[in-house]
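Respectively, the protein sequence lines represent chains A and B.
Residues 1 to 293, numbered by this note's numbering, are exactly what the first sequence covers, in order.
Residues 1 to 293, numbered by this note's numbering, are exactly what the second sequence covers, in order.
Simulated from the structure, these hints should not be mistaken for laboratory data.
Any given hint could turn out to be false.
Some chain A residues close to chain B (C-beta under 8 Å, calculated; not the full set) [claimed, not checked]:
hint, residue
1, N16
2, R18
3, L21
4, S107
5, S109
6, T160
7, K171
8, D178
9, R213
Over the 10 Å line for every Cβ pair with chain B, so calculated as not near, a few chain A residues [said to hold, decoys possible]:
hint, residue
10, E209
11, V267
12, A268
Simulated DEER-style distance windows between Cβ atoms [stated by the list, open to error]:
hint, chain 1, residue 1, chain 2, residue 2, range
13, A, R43, B, T15, 34 to 42 Å
14, A, Q274, B, I175, 20 to 28 Å
15, B, A181, A, G97, 33 to 41 Å
16, B, H172, A, N59, 20 to 28 Å
17, A, N16, B, K266, 42 to 50 Å
18, A, G279, B, A181, 22 to 30 Å
If you're wondering where the values come from, they're calculated on a predicted model, not measured in any experiment.
Where a beta carbon is used, it is the ideal one built from N, C-alpha and C, also for glycine.
What follows is each chain in one-letter form.
Protein chains: 2
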Amino acid sequence: MSWADGFIAVDWGTTNRRAYLMDSGGKCSAEFDDGRGILSIARGEFEPAIDEIRERLGNRPLLLAGMVGSNRGWVEAPYVPCPAGVEELARGLVRIGDHVVIVPGVSLSNHRCDVMRGEEVQLVGAVASGEIPADCLVCHPGTHNKWVEVSGGRIATFRTVMTGELFSMLKHRSILSDLLAGRAKDGDSFREGVRKGLSGDGLTAELFETRARFLLGRLGRADGASLVSGLLIGEDVRIGLGTRGALRVIVMGRPQLTALYSAALKVAGVESEQKDGEGAFIAGARNIVERLQ
Amino acid sequence: MSWADGFIAVDWGTTNRRAYLMDSGGKCSAEFDDGRGILSIARGEFEPAIDEIRERLGNRPLLLAGMVGSNRGWVEAPYVPCPAGVEELARGLVRIGDHVVIVPGVSLSNHRCDVMRGEEVQLVGAVASGEIPADCLVCHPGTHNKWVEVSGGRIATFRTVMTGELFSMLKHRSILSDLLAGRAKDGDSFREGVRKGLSGDGLTAELFETRARFLLGRLGRADGASLVSGLLIGEDVRIGLGTRGALRVIVMGRPQLTALYSAALKVAGVESEQKDGEGAFIAGARNIVERLQ
């Protein structure tokens with residue numbers, strides 16, 4: 001078994017995993033995703049979960065990225081500090097035997113602290129493949145949105161915003177639940193929420209006000225998810241842009257989310273370009289593995 | 001059965017209820033509280049739940065306040081609009097037979113929408129008993145904190161902040177859960193959180209940063225609840241004070257919460273006075289019932 005003959009790259013998150021079979025020419029020739037995120041796997045059960053990947057995609061070396069390398073995952077891969085590019089990630093790999101490596105996360109620890117796990121592979125991959133320039137601001141929505149300053153092709157600094165997790169909690173566990181059953185989409189309610197979020201007037205009051213408006217007949221149930229999503233994403237964009245002047249933002253991730261962030265950035269008067277994170281992950285995995293050989 | 005011979009006042013919330021037996025002289029002579037909030041009572045089961053109160057405190061007329069009058073409660077008591085004082089609440093009572101009344105909530109519906117249910121009895125009671133002046137700013141912490149402008153003895157306007165519910169969701173259902181097991185208390189971590197919340201820099205990023213600091217060894221587990229509580233209460237105070245200049249705030253509610261809000265107000269440079277809400281509720285119930293006779 002040699003890395004040069006092809007390998008499997010796994011983006012292994014908290015609730016899902018996606019595995020890609022990379023052929024010797026560096027192309028993805030097969031893939032699957034399932035709900036076997038790290039929270040579904042008990043300690044001591046990671047080896048069978050890895051055997052299962054090889055049964056589906058072939059007996060190949062494995063590069064594992066994401067929460068699988070966290071203290072809740074299989075084997076902890078300590079964070080590498082910013083600034084971090086493909087070289088730093090390759091040097092920080094944790095090797096398990098000759099044919100399994102775990103990609104480290106990236107940390108920030110100066111006047112602020114922050115951590116990422118998983119997004120770093122997409123970011124260095126997007127730079128390496130020329131999908132994004134070596135100097136840019138990237139917004140990477142997800143459970144925990146990341147605003148990332150890429151400089152000289154490396155992750156220079158970043159800031160995480162809990163938007164996705166907060167929306168999910170509000171949807172499933174709060175007094176707003178019955179207002180949030182629908183799907184958030186761009187439109188008047190979303191943009192109204194974005195404007196309020198951008199104003200910084202007070203997110204935790206605006207959230208309750210959506211319920212008051214609904215109770216008083218001033219908000220339709222169908223608009224609740226879009227309004228609340230707009231509030232949270234507006235606050236998120238306010239934080240991400242910070243005191244920066246007008247600029248261009250690259251929004252990378254799943255298309256449904258990148259579309260909402262792109263719409264919110266437009267309300268803020270900022271141009272954006274959407275990129276799908278999947279191709280970037282594959283490019284990042286390939287570029288890290290090249291440094292193993 | 002006559003109201004003049006004494007009655008039972010019930011503060012019936014979402015998760016708890018507290019019942020007070022008021023004697024003919026207007027004094028509370030017996031009371032109990034239990035976990036029979038409205039969410040624990042199925043539709044059609046309110047009458048037995050009321051019988052139970054009378055079995056414990058005596059066969060007296062009943063004044064019911066709080067979420068029992070909401071659309072998830074027993075019988076809906078429509079909101080009365082601001083400005084609302086004891087007269088407006090008494091006129092808005094919903095009568096069920098001769099011996100049960102439900103207190104209406106209070107709504108705001110102008111450029112903003114807001115609703116309250118339960119706090120209004122305490123507010124008018126505190127004014128009627130002279131506990132608070134006829135013109136003041138009241139902060140009423142709880143699941144949903146209320147900032148209330150009292151003017152001429154009536155609730156003139158108010159704003160709700162979801163602080164308590166958000167803290168509870170973060171504690172029980174988020175990636176921060178294992179950091180929030182302790183009890184929030186005033187101290188360095190709490191005040192640091194308050195300062196960050198007051199700054200308005202970005203609550204939804206600061207929340208995640210507490211986890212990053214913990215992972216990077218820069219925050220002890222014992223300080224997590226105080227820091228996050230400080231962040232949320234700091235944001236809450238920022239919203240409540242808004243563009244008002246320095247002033248004095250009355251903080252009314254349960255002592256553990258009023259102490260934290262009072263400490264946060266001090267960080268903001270604002271004097272405060274703490275009041276226990278229970279005596280105010282009893283005074284409010286008595287003043288509303290007097291208008292029935």
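The hints, checked one at a time:
A hinted interface residue such as N16 (chain A) counts as satisfied when its beta carbon comes closer than 8 Å to some beta carbon of chain B; here the least separation is about 16 Å, so the hint is violated. Restraint check, R18 (chain A) versus chain B: the minimum CB separation of about 21 Å is more than 8 Å; hint violated. Given the 8 Å rule on beta carbons, the hint for L21 (chain A) is violated: about 31 Å separates it from the nearest Cβ of chain B. A distance limit of 8 Å between C-beta atoms decides the matter here; for S107 (chain A) the minimum to chain B is near 6 Å, and the interface restraint holds.
With a cut of 8 Å, the hint placing S109 (chain A) at the interface with chain B holds, because the nearest CB-to-CB distance is about 5 Å. Satisfaction of the interface hint for T160 (chain A) is found here, the shortest Cβ-Cβ separation to chain B being roughly 4 Å, below the 8 Å cut-off. Contact between K171 (chain A) and chain B, as hinted, is not supported at the beta carbon level, the nearest pair being about 11 Å apart and thus beyond 8 Å. A distance limit of 8 Å between C-beta atoms decides the matter here; for D178 (chain A) the minimum to chain B is near 10 Å, and the interface restraint is violated.
Nearest Cβ of chain B to the Cβ of R213 (chain A): about 4 Å, under the 8 Å cut. The hint holds. A beta-carbon of chain B is positioned within 10 Å of the beta-carbon of E209 (chain A); the least distance is around 6 Å. The non-interface label for V267 (chain A) is consistent with chain B: the shortest C-beta to C-beta separation is roughly 17 Å, beyond 10 Å. Distance check on A268 (chain A): its Cβ is at least 14 Å (rounded) from any Cβ of chain B, clearing the 10 Å threshold; non-interface status holds.
At roughly 35 Å, the beta-carbon separation of R43 (chain A) and T15 (chain B) lies within the given 34 to 42 Å, and the hint holds. Checked against the hint of 20 to 28 Å, the pair Q274 (chain A) and I175 (chain B) passes, with Cβ atoms roughly 26 Å apart. Taken as a hint, the range 33 to 41 Å holds for the pair A181 (chain B) and G97 (chain A), whose Cβ atoms sit roughly 37 Å apart. At roughly 43 Å, the beta-carbon separation of H172 (chain B) and N59 (chain A) lies outside the given 20 to 28 Å, and the hint is violated.
Roughly 46 Å separates the CB atoms of N16 (chain A) and K266 (chain B), a value that falls within the hinted 42 to 50 Å. About 41 Å separates the C-beta atoms of G279 (chain A) and A181 (chain B), a value inconsistent with the hinted range of 22 to 30 Å.
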